[in-house]
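Trainee: Top line first, the protein sequences correspond to chains A and B. Mapping the first sequence onto my numbering, position 187 (from 1) lands on 304, and the numbers just tick up by one. Mapping the second sequence onto my numbering, position 262 (from 1) lands on 282, and the numbers just tick up by one.
A couple of the hints might just be wrong.
Covered stretches of chain B (chain A as the covering partner; in silico rule of three or more C-beta atoms under 8 Å from a C-beta of chain A) [claimed, not checked]: (1) 41-50; (2) 70-78; (3) 90-102.
Simulated pairs of lysine to any residue, SDA-like, Cα-Cα distance not exceeding 25 Å [stated by the list, open to error]: (4) A:K232 with B:R39; (5) A:K232 with B:C38; (6) A:K232 with B:Q215; (7) A:K179 with B:D218; (8) A:K401 with A:L429; (9) B:K171 with A:V231; (10) A:K179 with B:P222; (11) A:K232 with B:V214; (12) A:K232 with B:A382; (13) A:K232 with B:L208; (14) A:K401 with B:L176; (15) A:K179 with B:M225; (16) A:K409 with B:T68; (17) A:K179 with B:M223; (18) A:K179 with B:N74; (19) A:K232 with B:M225; (20) A:K232 with B:S177; (21) A:K311 with B:K244; (22) A:K401 with B:Q203; (23) A:K232 with B:P213; (24) A:K311 with B:T68; (25) A:K232 with B:K244; (26) A:K232 with B:D218; (27) A:K232 with B:F211; (28) A:K232 with B:P222; (29) B:K294 with B:A382; (30) A:K232 with B:D212; (31) A:K232 with B:N74; (32) A:K232 with B:H66; (33) A:K232 with B:V216; (34) B:K244 with A:P202; (35) A:K311 with B:F207; (36) A:K401 with B:A241; (37) A:K232 with B:K294.
No lab work stands behind these hints, which were simulated from the structure alone. Every value quoted in this text rests on a predicted model; they were computed, and no experiment measured them. Using N, Cα and C, we set each Cβ at its ideal position, and we do this for glycine too.
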Amino acid sequence: MNQTVKFYQTGTLTVGNRLLDPEHRTVQASEERSNAITCGHRACQGCGEALGARYAIDAALKAADGNLICVNATGCLEVFTTPYPETSWQLAWMHSLFGNAAAVAAGVAAAQRVKGRNRVRVVAQGGDGGTTDIGFGCLSGMFERNDDVLYICYDNEAYMNTGVQRSSATPGGARTATTPAVGEAPGNVFGTGKNVPLIAMAHNIPYVATASVADLHDLEAKVTRAMGIHGARYIHIMVPCPLGWGSASHDTIRVARLAVESGLFPLFEAEHGVVTSSRPIRRKVPVTEYLKPQKRFAHLFRPDNPHGADALARLQAQADENCRRFNLLRAEEGK
Amino acid sequence: MLKQIEGSHAMAEAIALCRPEVICAYPITPQTHIVEGLSAMVRDGHLTGCEFINVESEFAALSVAIGSSAAGARTYTATASQGLLFMMEAVYNASGLGLPIVMTLGNRAIGAPINIWNDHSDAMSVRDAGWIMLFAETNQEAVDLHIQAFKLAEELSCPVMVNVDGFILTHAVERVDIPDPEQVDAFLPPFDPVQVLDPASPMSMGAMVGPDAFMEVRYLAHHKQMQALDRIPEIAAEFKAAFGRESGGLIRCYRCDDADTIVVAMGSVVGTLKDMVDTRRAAGDRIGVVSIGAFRPFPLEEVRNALMGARRVVVLEKALAVGMGGILASHVRMALRGHPNRVYTLIAGLGGRPILQPSLNAFMDRVAAEPHYDVHFLDLREDVVEAEIARMAAERRSGPIAENVLRRVAALGQMMLPDAAVTGDRP
Ligand SMILES: Cc1ncc(C[n+]2csc(CCOP(=O)(O)OP(=O)(O)O)c2C)c(N)n1
Ligand code: SF4
Ligand SMILES: [Mg+2]
């Protein structure tokens, strides 16, 4: 969204790095990167959350010129980055509880204000469970007070740290440890769950965005934009979890991209409750392309599952509805 | 300055004198007047350099406090009863992280049945949460303890809970000496945190700790409280030197020197007990009172020394460990282990039931002759209890106990006082 796309790399549908202006290139190893999460963490191979957090926090650090304090909810990210007595964090970082990251961050922000440390910025982060379920009260309170906090949710669509149980971000049909693929309607029940980016918008906070590890430029740009604003801000990042989703470690980016390209995970920005931009889908793929590489959806494709076709149709309908709602299939300008 | 003032407002003024930088709270009776007072002071500019944050729950209140304290701001909150339970996870977290938050607990019963009146059930529910727990006897002491609490908390980097009896103290209007700002500034230095979230020197706080180090971390929390056993009386002495008043300390003894019977209690009921002691002393009874000022850390040695000479110890407590009996009494028994004196548990004042001199006197009159010295309930309505027990035994679907008891109490009329009613003993 921060660049006019001139050319796509054949085959992958990604924007060719080499063809971009130098400032738009994703450079993983550079002396300028702050490397907020450094070596020694214990995330699984191909963990989307580790990747997303590293890019998000690096971008926030850069935007804050290093003056950043980060509050982390309990969850995989917290556990795999701070196995005592080691820490992978290169910035002032705090973990308190599972459900209170937004409130703790509000307290940190209040302290900065009262101490006159105007340059110090505050980020809170947590998984989907810590955000959309147990931390939801504190999150809504932080939004409602318009506390000067950027909250980042890393959505891997289940409680991964405790062994892949269902959260209110788990999609319909998905198998988790508490929505097993057995019985009449296998997997997670359709028609349940909540859309926290939209709920965040309903608080009229200055900035809400969704992002994906499939597009790190876009993710960095959104974090940077959010850091340029004061008040309560929310970024919801899709981060595939190879362990919980039953996808190959090397497929994390591909799966994340298919979520976007199918329309299941729309990328958009909103200011004060109004959608201001969305990322158009260049070539829409059927949801089955996204679902097939993930074992959590395997039962939907089993011929002996009488409800499989219906479940797939419902997921496709959700994707189509997202495309309509966020106008994702519009012809891209300048193309 | 001497003022005729409501306890909550006096405490609010004292807290403001301590120059808190972040205050966050969620309303619950009987704590409300304290935080309302503070919010007004922040709004009208009396209390500058302070953020007052209205939050959506007690869990958030203490969580905001955890954040601001970890970021180096002097932080205050207050709650009671259900609110304390609602923030329970954060209560343990604040002490585990070693954050010097000061919290007032306007002591109130815990439901069900929901009850807004005073007892110590809330405080007792967090007795092992790692907070230093102080109890105020009067509103003057409540004022003074808050000033001492910030000093103690910040020196040891440990949260401190100041317990004040709901309504009896929080809503009582009486004469209180509010210190001058200069006096408080001289007594309480600015907050100099031992750990702080600071981008200039980044560190990780709240890391996961496994079996290899958890025990040591816990031991050090205990060690801190053992240090507090020294610091609490020292700070009380410094306070006396600066303000000219006795306030705080681990325990306080009243007419205990030659006492046969000593009553042990915490909080405002000590005032009632002192009156009782004076009356009984005048009639020749050798009786005294020990007031527990610090419940955590529990001053085992001081309590032992104070009680060793007595033949009987009556522990009057406003809490009940259901299925066990006394809580403070267990602590006193621990302090007295190996000594032959008898320790009686007298549960009194639950859910705000008045603790009256005639009832206390009736109990004291017969305590020497009392064969069993386990749990006694002051002014328990035996008739109501017996009838309800019988009804529950007779009927399977006997319905909710609270409603049945209320109905029966209404039918039987007002509670009668000791000579007519029984001082119920239910071991
Ligand atoms: C109050 C409380 N309840 C439950 C837990 C157990 N718990 C720890 S992490 C976690 C799951 C985290 O899920 P999520 O927030 O989605 O993060 P993820 O691990 O998936 O990144 C749970 C249930 C806890 N630590 N605290
Ligand atoms: S379980 Fe999932 S979220 Fe957790 S570390 Fe592994 S890949 Fe990452
Ligand atoms: Mg998750």
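Trainee: Look at each hint and say if it fits the structure.
Mentor: Now the hints, each set against the structure:
1. Given a C-beta distance limit of less than 8 Å, the hint that chain A covers the segment 41-50 of chain B holds, as 3 residues qualify and 3 suffice.
2. Residues of the segment 70-78 of chain B lying with their CB closer than 8 Å to a CB of chain A number 7, which satisfies the three-residue condition for coverage.
3. Counting residues of the segment 90-102 of chain B whose C-beta lies closer than 8 Å to any C-beta of chain A gives 5; at least three are required, and the coverage claim holds.
4. Distance hint between A:K232 and B:R39 is fulfilled; the C-alpha atoms sit about 13 Å from each other, no more than 25 Å.
5. This hinted pair checks out: A:K232 and B:C38 have alpha carbons roughly 16 Å apart, not beyond 25 Å.
6. Our distance criterion of 25 Å between C-alpha atoms is met by A:K232 and B:Q215, whose separation comes to about 16 Å.
7. Restraint check for A:K179 and B:D218: satisfied, since their Cα atoms lie roughly 16 Å apart, inside the 25 Å limit.
8. Proposed proximity of A:K401 and A:L429 is supported: the alpha carbons are some 16 Å apart, at most 25 Å.
9. For the suggested pair B:K171 and A:V231, the alpha carbons sit about 20 Å apart, so the restraint of at most 25 Å is met.
10. Of the supplied pair hints, the one linking A:K179 and B:P222 holds, its CA atoms being roughly 15 Å apart against a limit of 25 Å.
11. For a cut-off of 25 Å, the pair hint linking A:K232 to B:V214 stands: about 17 Å separates their Cα positions.
12. At most 25 Å may separate the alpha-carbon atoms for a hinted pair to count; A:K232 and B:A382 exceed this at roughly 58 Å.
13. Distance restraint check for A:K232 and B:L208: the Cα-Cα separation of roughly 18 Å lies within the 25 Å cut-off, and the hinted pair is therefore satisfied.
14. Annotation: proposed proximity of A:K401 to B:L176 is violated, straight-line Cα distance about 61 Å (limit 25 Å).
15. Between A:K179 and B:M225, the direct Cα distance comes to roughly 22 Å. Compliance with the 25 Å bound is thereby established for this hinted pair.
16. A C-alpha spacing of about 60 Å is found between A:K409 and B:T68, which places the hinted pair above 25 Å, so the restraint is violated.
17. Note on A:K179 and B:M223: the hinted pairing holds, with a Cα-Cα distance of about 18 Å set against a maximum of 25 Å.
18. At most 25 Å may separate the alpha-carbon atoms for a hinted pair to count; A:K179 and B:N74 exceed this at roughly 32 Å.
19. Pair hint A:K232 plus B:M225 holds up; C-alpha atoms about 20 Å apart against a cutoff of 25 Å.
20. A hinted pair counts as satisfied when its Cα atoms are at most 25 Å apart, and A:K232 with B:S177 qualifies at roughly 20 Å.
21. Proposed proximity of A:K311 and B:K244 is contradicted: the alpha carbons are some 45 Å apart, above 25 Å.
22. Under the criterion of a C-alpha separation no larger than 25 Å, the hint pairing A:K401 with B:Q203 is inconsistent with the structure, at around 72 Å.
23. In summary, the hint linking A:K232 to B:P213 is supported, as the alpha carbons are separated by about 14 Å, within the 25 Å threshold.
24. Taking the CA atoms of A:K311 and B:T68, the gap is near 41 Å; set against the 25 Å cutoff, the hint is violated.
25. Distance check on the hinted pair: A:K232 and B:K244 sit about 28 Å apart at the alpha-carbon level, beyond 25 Å; violated.
26. Our distance criterion of 25 Å between C-alpha atoms is met by A:K232 and B:D218, whose separation comes to about 12 Å.
27. With a C-alpha separation of about 12 Å, the suggested pairing of A:K232 with B:F211 holds against the 25 Å cut-off.
28. Taking the CA atoms of A:K232 and B:P222, the gap is about 18 Å. The hint holds against a cut of 25 Å.
29. This hinted pair checks out: B:K294 and B:A382 have alpha carbons roughly 16 Å apart, not beyond 25 Å.
30. This hinted pair checks out: A:K232 and B:D212 have alpha carbons roughly 13 Å apart, not beyond 25 Å.
31. Only pairs whose Cα atoms come within 25 Å are accepted, and A:K232 paired with B:N74 is accepted, the gap being roughly 19 Å.
32. Simply put, A:K232 and B:H66 have alpha-carbon atoms about 18 Å apart, close enough for the 25 Å limit, and the pair holds.
33. This hinted pair checks out: A:K232 and B:V216 have alpha carbons roughly 13 Å apart, not beyond 25 Å.
34. For the hint pairing B:K244 with A:P202, the CA-to-CA distance comes to about 22 Å; that is within 25 Å, so the pair holds.
35. The suggested pairing of A:K311 with B:F207 is violated, with an alpha-carbon distance near 52 Å, which exceeds 25 Å.
36. Among the hinted pairs, A:K401 with B:A241 is inconsistent with the structure: their alpha-carbon atoms are about 58 Å apart, more than 25 Å.
37. A distance of roughly 46 Å separates the Cα atoms of A:K232 and B:K294; the hinted pair therefore is violated under the 25 Å criterion.
Violation of the numbered hints given earlier is confined to hints 12, 14, 16, 18, 21, 22, 24, 25, 35, 36, 37; the remaining hints are satisfied by the structure.
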